[in-house]
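From first to last, the protein sequence lines stand for chains W and V. The first sequence begins at 1 in the numbering used here and counts up one residue at a time. The second sequence begins at 1001 in the numbering used here and counts up one residue at a time.
If you're looking for bench data, these hints aren't it; they were derived computationally from the structure. Among the hints, a few may not be true.
Here are the computed distance ranges between Cβ atoms for each label pair [claimed, not checked]:
1) V:Trp1020 <-> W:His67: 42 to 48 Å
2) V:Pro1097 <-> W:Phe262: 34 to 40 Å
3) W:Ser218 <-> V:Gln1022: 51 to 57 Å
4) V:Ser1199 <-> W:Asn74: 54 to 60 Å
5) W:Val73 <-> V:Asp1164: 18 to 24 Å
6) W:Glu112 <-> V:Ile1139: 31 to 37 Å
25 Å max Cα-Cα, derived DSS-like pairs, lysine-lysine [to be verified]:
7) W:Lys114 <-> V:Lys1224
8) W:Lys154 <-> V:Lys1224
9) W:Lys119 <-> V:Lys1006
10) V:Lys1224 <-> W:Lys70
11) W:Lys30 <-> W:Lys180
Quick look at which bits of chain W chain V covers, simulated, 3 or more residues with Cβ under 8 Å [what the hints assert, rightly or not]:
12) 70-80
13) 83-92
14) 253-267
For every residue, glycine included, the Cβ atom is placed at its ideal position computed from N, Cα and C.
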Amino acid sequence: MALALSTEKLTKTYSNQLKALTGINLKVEKGDFFALLGSNGAGKTTAIGIICGLLKSTAGSVEINGHDQKTHVNKIKRIIGLMPQEFNFNPHEPNIEILINQAGYFGIPRTEAKIQAEKLLKIMELWDRRFDIAQSLSGGMKRRLMLARALMHKPEILILDEPTAGVDVEIRQSMWAYLKQLNKEGVTIILTTHYLEEAESLCRNIAILDKGELVEQSNMKKLLLKAKHQVLIIESIDKLPENIAVENCDCEILDDHTLQVFQGESTSISDVVIALSAQNINVSHLRSAQNRLEALFLSLTN
Amino acid sequence: MWIAYKTIVFKEVRRFARIWIQTIIPPVITTSLYLLIFGGLMGSRIGQMQGVDYLHFIVPGIILMTVIMQSYANTVSSFFMAKYNNSFEELLVSPTPNWIILMGYISGGVSRGFCVGLAVTFTISFFVEIRPYSFSILIATFFLTSIMFSLAGFINAIFARTFDDVSIIPNFVLLPLTYLGGMFYSIDILPSFWRGLSSFNPIFYMMDSFRLGFLGIGSVELWKAFIVPLVMILLLALIANYFLNRGVSIKTE
């Protein structure tokens, strides 16, 4: 499979001697929906900044669609669309002008840019606010405006740095659906997020950064298989008995109707439910105490 | 590439047109006050300067001072704000070459210098009859002056870290140099030491050629008055482009 992004020993040390990246080798396939995770200060935004040409690397190389970033910088910039973490538009400019200007910087004529801006503003449900200044938008609307701006030049690779931070559930779901559709159409998407369930539900491959180091790079499904130990919260219809035993699992009664089960390595969820039924415990509700990816993430970054 | 250039210029023009109360009205009011106080009230007591009425004598200086201040103010404020609110990243992630970015901002500064200069000239026409001596000298001097100070404003913005840094140069360097560049007087009336010192002030040459274009009177040869801003433009453009290419204060080191 051809690579959309490849970094070799990418290193960044800031002028204050802070080592943000310590030689990471990142590979993203074309057409992938890729999650780049890491806690605050892990180096995600630095990596994105270097990939997009906003920051200079200290050492190492970046290749986009096989083009070396140092020698084909303008070609690469046409391929990438960036939605940054921080709001970075002129807050006093009308929303539609922000989009049309961005297209202009990419050499797209104004008439063509107007059509694309209208399409994207309608998708992002911002068409009614097109003549308002960006400052007047809510946080979630500003995020959608930035996503629309990143898409104005129809990029092959879309880099999203925490795209749904501060976005309400309804809009987040519609953004997810739109991103999935874009990915189906062939756009490679690289996503950083603190919402791990977002990464889990959207992305096929994943990399985890910790203190500037790449601690994991894998297929999402394979990675989740590693998360064998799960903590289940089980609610029972009837009052729970005093002694409950499930083979290979530790059980703890939280209250009269709630049980916490530390799932053993060789025990499946159905094993747990069957074992409880055998003890006349009727399970009314079952959920994971912690997102599987979250548990893995914490174990890898600790 | 030229679409990107046009986009930056239109954005700049729309920006200063949108805030016309801040950009166009104050220079018009200041000009009216200059003409009332220096021309109307004091001018009659001063009499003539280089053979023309004092009121007529100060008109080119007032217009050129407006062009200088407005061209400088446009690039310094616009580029600094783009850095401040990070909207400059819109350009950094695009394939727009740095020299096009520079040309776009400079053209924005020249556009504001032209629009406000025109508004001020229109205001002046209510006080004195305007009959230029040479349009070509006027236009050439306008462009040289406006480009030079737009570039200077751009370099100021590259290094500015706070709002104070944006206003220090115009208030403490530009305005005194403009006043000492022969705006209100002819350097012929100065003692030889001060006259010699004035020859190091680039604004003096622009003021002189602008006055020549307006009234037909000048103190230095025209080629000298043009070569000084031309050299300055070349120098400032190289400096600005160098800093942009290095990413000074726009890319984190």
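A quick look at each hint next to the structure:
1. V:Trp1020 <-> W:His67: 42 to 48 Å: holds, 45 Å
2. V:Pro1097 <-> W:Phe262: 34 to 40 Å: 60 Å Cβ-Cβ, so the 34 to 40 Å window is violated.
3. W:Ser218 <-> V:Gln1022: 51 to 57 Å: Check passed, 55 Å falls within 51 to 57 Å.
4. V:Ser1199 <-> W:Asn74: 54 to 60 Å: Check failed, 45 Å falls outside 54 to 60 Å.
5. W:Val73 <-> V:Asp1164: 18 to 24 Å: Cβ of W:Val73 to Cβ of V:Asp1164: about 35 Å, so the range 18 to 24 Å is violated.
6. W:Glu112 <-> V:Ile1139: 31 to 37 Å: Cβ of W:Glu112 to Cβ of V:Ile1139: about 35 Å, so the range 31 to 37 Å holds.
7. W:Lys114 <-> V:Lys1224: With a Cα-Cα distance of about 48 Å, the restraint between W:Lys114 and V:Lys1224 is violated, given a limit of 25 Å.
8. W:Lys154 <-> V:Lys1224: violated, 52 Å
9. W:Lys119 <-> V:Lys1006: holds, 23 Å
10. V:Lys1224 <-> W:Lys70: violated, 44 Å
11. W:Lys30 <-> W:Lys180: holds, 15 Å
12. 70-80: holds (count 6)
13. 83-92: As far as the segment 83-92 of chain W goes, the hint holds, because 8 residues have Cβ atoms under 8 Å from chain V.
14. 253-267: violated (count 0)
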